[in-house]
Each structure stands twice: as structure tokens, then as C-alpha cells.
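*Asks:* One letter stands for each residue in the lines below.
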Amino acid sequence: MNSIQSCQQARSGTPMMQIIIGLVLLSFFSIIPGIPGKALAANIAGESRTYMQYRETAAGDKLLPLYEYLDFTVQDLGKESISVHFGGWLGYDLSNNSFGGNADKDRSVQYGYVSYRAKEDNTVVNLGRVMVFEGVASERLDGIYARTDIKGGFGVSVYGGASTILTEPNDNTIYGGRLSHQSAGLYTLGISYLKQERNGSSFREEEGIDLWLQPVNKVAITGSSSYNKKTTGWMEHAYYLMLGPFDKLRFNTEASWINYADYFAGTTTNVFDMTPGGPIDPREKVNILGEEIFYSIDTNWALSVDYKKYGYDIAGNANYYGAKATYVLPKSYNAGLSIHKMDGDTNRLKYDEYRIYASKKIDKIDVTVDFLDVKYKEPINTVTNAYSVTLAAGYELTEKLKLGADLEYSKNPEFDKEVRAFLKINYRFDAELGKRKGV
Amino acid sequence: MNNKKKVLTFLLLLPVFVLALHLSTGTAGTALKHPMEVEAPVMCSQCHTDWRASMDHSAEFGGLRHKFSARQNKQTCGLCHVESFCADCHGVNEGLKPSDKYKDAPERALPHRGDYLNQHKIDGRINPASCMKCHGRQNNERCRVCHK
Chain A
262 MNSIQSCQQA
272 RSGTPMMQII
282 IGLVLLSFFS
292 IIPGIPGKAL
302 AANIAGESRT
312 YMQYRETAAG
322 DKLLPLYEYL
332 DFTVQDLGKE
342 SISVHFGGWL
352 GYDLSNNSFG
362 GNADKDRSVQ
372 YGYVSYRAKE
382 DNTVVNLGRV
392 MVFEGVASER
402 LDGIYARTDI
412 KGGFGVSVYG
422 GASTILTEPN
432 DNTIYGGRLS
442 HQSAGLYTLG
452 ISYLKQERNG
462 SSFREEEGID
472 LWLQPVNKVA
482 ITGSSSYNKK
492 TTGWMEHAYY
502 LMLGPFDKLR
512 FNTEASWINY
522 ADYFAGTTTN
532 VFDMTPGGPI
542 DPREKVNILG
552 EEIFYSIDTN
562 WALSVDYKKY
572 GYDIAGNANY
582 YGAKATYVLP
592 KSYNAGLSIH
602 KMDGDTNRLK
612 YDEYRIYASK
622 KIDKIDVTVD
632 FLDVKYKEPI
642 NTVTNAYSVT
652 LAAGYELTEK
662 LKLGADLEYS
672 KNPEFDKEVR
682 AFLKINYRFD
692 AELGKRKGV
Chain B
243 MNNKKKVLTF
253 LLLLPVFVLA
263 LHLSTGTAGT
273 ALKHPMEVEA
283 PVMCSQCHTD
293 WRASMDHSAE
303 FGGLRHKFSA
313 RQNKQTCGLC
323 HVESFCADCH
333 GVNEGLKPSD
343 KYKDAPERAL
353 PHRGDYLNQH
363 KIDGRINPAS
373 CMKCHGRQNN
383 ERCRVCHK
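Going line by line, the protein sequences match chains A and B. Count the first sequence with the working numbering and you get residues 262 to 700, in order. Count the second sequence with the working numbering and you get residues 243 to 390, in order.
Chain A on its own, in the form it takes in the complex (with noise of 0.2 Å):
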């Protein structure tokens, strides 16, 4: 099976997703008051997301899709300790282009979930569609997370199901976990491991190691190493260091180290298949150092400088630096000014970026504008200055309901003129059901 077949999604047909959508759904319906024996006491709150998006192809396709977003999170099902989560899109398409004519684009559950958290000991176990973050897994599976602290500052995490991103969920696999040890206050160090076997045979094996280490007070060291353990070679070091704050002032360094032999082992795309000699060349290591330097000069004025360096082993070196200035007045005005310059080896890394936001809050209206500009060295399909203007205001109706509406405009190497618009309804939702009687 090649790299863009295997690439498909898992979709809400798999007999994982049924059994999920099922939990889910009854877990939703046995709160709904009215229904007879159904007495459990409970707190739903959640949001609905409504957008309609209008934007053109550079074929000139005229492309209308419709979406509609809920997540909705039950607590106290029952018990406080007892909890349903679900996140999920559906998209219908007002132009019959939108979705490139594949229907299966159309919807995602994103998540959900039956999950049970003791009050001691972070002590979490999730069933159903399931995001997992622990160490060097990043992913969405169908089935099951748990994790705990145990004796000793330690703590344990394991999961394992199926992976939601490839074609075959009948005979796709994916497990790992992660031990980390604690000493409050001085360091959290993790090692974890993560497998996934497709058709009966290994598709990805990584090992990791994370840390967290603060040996005095403003002084952290924060990051991770990952090894592949197919290709036995280490995938990635990135680590930072953050000091401060002192006063006004906080510094953050980063450094990362990533070989592209390892690191883009197990891809399921070929954007990443790469052929020695070509644009990206798979023997490729790269070096990041960067800084980032903060200054608060007053609790709503803030100033930072920031510069990265990229050192290639084979396609040279590139310098990122720049300056961003905000202001904030919570919950009534945000703006911003940051200009960046990309020097690299290369004419085609070679540009300037400018951004200007501004975001002012009246009463019951918001208004946005926010411009980006970049100017390139080199001229792509003759175009040297590519920018951005959008407009964005919004008007909450109630507390709860929310309306707004986006324009966009733009010029890019791609489009001589681009306009985008957008209109969205937010409304979020919350109540207390099935309250039991006397309660």
C-alpha cells in the first residue's frame, strides 16, 4: 500500500467508532429528563460552533462549505468522579466543489469519550476516541488511556487501541506508555515508549525521554529527546531554557537537533518521502538555536526581540529575528506591531514579514483588523510583496449567542486577488439535568 492510500482517515463507520458513538450517546440520553428510570443527576455544557466559509480555488472554483462544531463535556454523571467528553464536525457542501468531491471529508468525531477521575492521585481512566499526550505519543486513538500517581513520586500512563489515522482499523494497533518520576518542585523526568503495527508488522517504534528541571529558582530547563527505534537513530533533541522573571525581564533559549533519516521515518504522506539531492534531502540534520528575550514594560505594555538559527549540515544556514511590541487592556483592547527578517543562504530564504493586529471590544461588539505583509528578495511568479488584510467583527446577541463575520482580502504569488469571507454563530450551552427529586 503506498504512503497516500494508508493516509486516509478512519471514519465514524469502523465498528470502534460505533461502540464509542454508543457510550457516548447513552451516557447523553440517560441524563435526559422525562425518560423513565433515568434519574441520574448531571451538568452538560458544551458549544456549538456554526460557520459558512466563501473562498475561491486558484482554478477558480467558487467553493461554499458549511460546518457545524459541537463538544460538549457531561460532568457528575452520577458520581462527580464520572464524566462524558465529545468533540465533533459535520461539513455539508453548498457548492459541491467543497470537499473536492470525496464525501468522506465531510465529518470527524475528534473525540469521544467515557472517562472516570479518581480525587486522589490524578488517577484517570479514558474509554472510547481518545487524544493522548505522554511523551513521545501524540495521538488520537480508539480505546483506552489511564494513568496515575503511585508511591515515590512516580507516576505510570498506558494506552492502547487502534489508531484512527490509518486505513486498515481492523488490523491496526497502538500502544505505549510512559513512567515518569517527581520531586516537587526540582524535576519531572518521563521515559516513554509508543508502537503502532499495521498489516501484522511494525510501522513505528519511538522510545523518548522527557524533562522538566528546575535546579534553582527563574532557572528551568524544559524539553525532550526521541529515538526510532525501526531505523535505530535518534529522531530529535528540543530542549529550552527559561529564565526569570526578573523584574520586567525573561529570557527563553531553545535548542533542537533533529536527523531527517529518523525523524521522518513513518510518515504517511510522500511530502515527506524525500530523495537524496532533491529539495530535501533525507541525510539532512538540522540545528536550531534560538532566544527569545521578553520586557514588560507595564502590566499592558509588553516588548520582546526574538532570533533562531538554522544550521543545515547540507543546504547551509538561515537567520529568523525580529521585535514585537503589544498592548492588552483585558477583556477590551489588544494590539500588536512585530517585524521579522528571514536571512538565509538562499534567495528563496530571503524575506521580510510585518504584522499589525488591532482588537477593540464596545460594549456588546468586537472589531478585529489584523494586516501581515511579506516582502520576498526574489521575485515568486513575479510577485515580491504578498499581504493580508482581514476584517473581523463580531456581536454577542446574549450571553450566550454570538454572531460574526470575517473578510479577508489578499495578494500572493498565488492569487493576484483573494477575497475570503466568513460568518460564524457561536452559542454555548450549559444546564443542570435530571436533578433528582429533593436534591
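No lab work stands behind these hints: they were computed from the structure. Where a beta carbon is used, it is the ideal one built from N, C-alpha and C, also for glycine. Treat the hints with care, since some could be wrong.
What the hints assert, rightly or not - So the derived label-pair ranges between C-beta atoms look like this:
#1 A:Ile600 with B:Thr269: 47 to 53 Å
#2 B:Gly305 with A:Asp322: 31 to 37 Å
#3 B:Thr272 with A:Lys661: 45 to 51 Å
What the hints assert, rightly or not - In silico BS3-like cross-links for lysine-lysine, where the CA-CA straight-line distance does not exceed 27 Å:
#4 A:Lys672 with A:Lys636
#5 B:Lys363 with A:Lys323
#6 B:Lys390 with A:Lys602
#7 B:Lys339 with A:Lys585
#8 A:Lys678 with B:Lys339
#9 A:Lys585 with B:Lys375
#10 B:Lys339 with A:Lys621
#11 B:Lys309 with A:Lys585
We have chain A; now place chain B onto it with these hints.
*Replies:* Just chain B now, kept in the frame of chain A:
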């Protein structure tokens, strides 16, 4: 996943977790909600001096560094964020780009603002690993329209 693998997976996972529960300490877990409302920009270091101070929501925290906190201490993220906050970017098979959904929140460090159709060719050369995190094994239908 066939039945044999399901059984094997659960056999592998359950004893580990049951043993862990047996060794649990009985200490109070992380609260479900932050005890007070926090205003943006969120600077945890204004009140905390321990590991929570490293979760200051600066621009580079929103960009790359938040992954380390999430992979070590996701329950802390849950103090303020519901799961859909993560899913807005990491939900896989996204219908809309996060930056399309949040044009009215320009302060948020979302990826791909402005003209990204052209810019991705440049960013992809600078650091393709930054693309891989979100699009390497998932959420790459749009990539395949051109990268056939």
C-alpha cells in the same frame, strides 16, 4: 484491531495499571478548575514560582513549547482548557484551519495565518519537522491535492 490483538493489548495494559493503583499514594490530585479566573495574556509566573511558572503563555509557548507541558502534565492544561481547545488544532482531519476559526483572536499564536499556500513552500524548506508534527501522519488530505 482483531480480537487477538485486542486481548493482547488489554492483557498488557491492565496489569500495569492495576499494579499502579495498588501502589497509589492517596494524595489529592490536581484540581478540576483553576481556583480563580485568569486573564490573557496568561502569565503563570505572576503567582507561581515552581514548575507552573514555565507555563507562561508567551508566543513561543503557544507555538512549540506547550507540547512539553501537555505531554508531562496534561491535567494542568485541563484547569483552564476543555478538550475542544486542543482539538481545534490537534483534532485531526480538520475541516477548517484554526486561523480561519479565530480571525477575531489575532493575539493567538496559530499556525498558517495569511497566505500560507505560498509560505508553506518556504517554511517546509526551513524546518519540515515543524510540518511533520501535525501533517506527517494525519491531517494531510489538503497536502495530497498537490503532492501526489
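*Asks:* Are the hints correct? Go through all of them and say.
*Replies:* Each hint tested on the structure:
1. For isoleucine 600 of chain A paired with threonine 269 of chain B, a C-beta distance near 49 Å keeps the hint of 47 to 53 Å intact.
2. Restraint check, glycine 305 of chain B to aspartate 322 of chain A: a C-beta distance of roughly 33 Å satisfies the suggested window 31 to 37 Å.
3. Threonine 272 of chain B and lysine 661 of chain A have their C-beta atoms about 28 Å apart, which leaves the hinted 45 to 51 Å range violated.
4. Proposed proximity of lysine 672 of chain A and lysine 636 of chain A is supported: the alpha carbons are some 12 Å apart, at most 27 Å.
5. Among the hinted pairs, lysine 363 of chain B with lysine 323 of chain A is consistent with the structure: their alpha-carbon atoms are about 24 Å apart, no more than 27 Å.
6. A C-alpha spacing of about 32 Å is found between lysine 390 of chain B and lysine 602 of chain A, which places the hinted pair above 27 Å, so the restraint is violated.
7. Pair hint lysine 339 of chain B plus lysine 585 of chain A holds up; C-alpha atoms about 24 Å apart against a cutoff of 27 Å.
8. Between lysine 678 of chain A and lysine 339 of chain B the CA atoms are separated by roughly 20 Å; this keeps the pair inside 27 Å, and the hint holds.
9. Proposed proximity of lysine 585 of chain A and lysine 375 of chain B is supported: the alpha carbons are some 26 Å apart, at most 27 Å.
10. Note on lysine 339 of chain B and lysine 621 of chain A: the hinted pairing holds, with a Cα-Cα distance of about 23 Å set against a maximum of 27 Å.
11. For the given pair, lysine 309 of chain B sits about 23 Å from lysine 585 of chain A by alpha-carbon distance, which is consistent with the 27 Å threshold.
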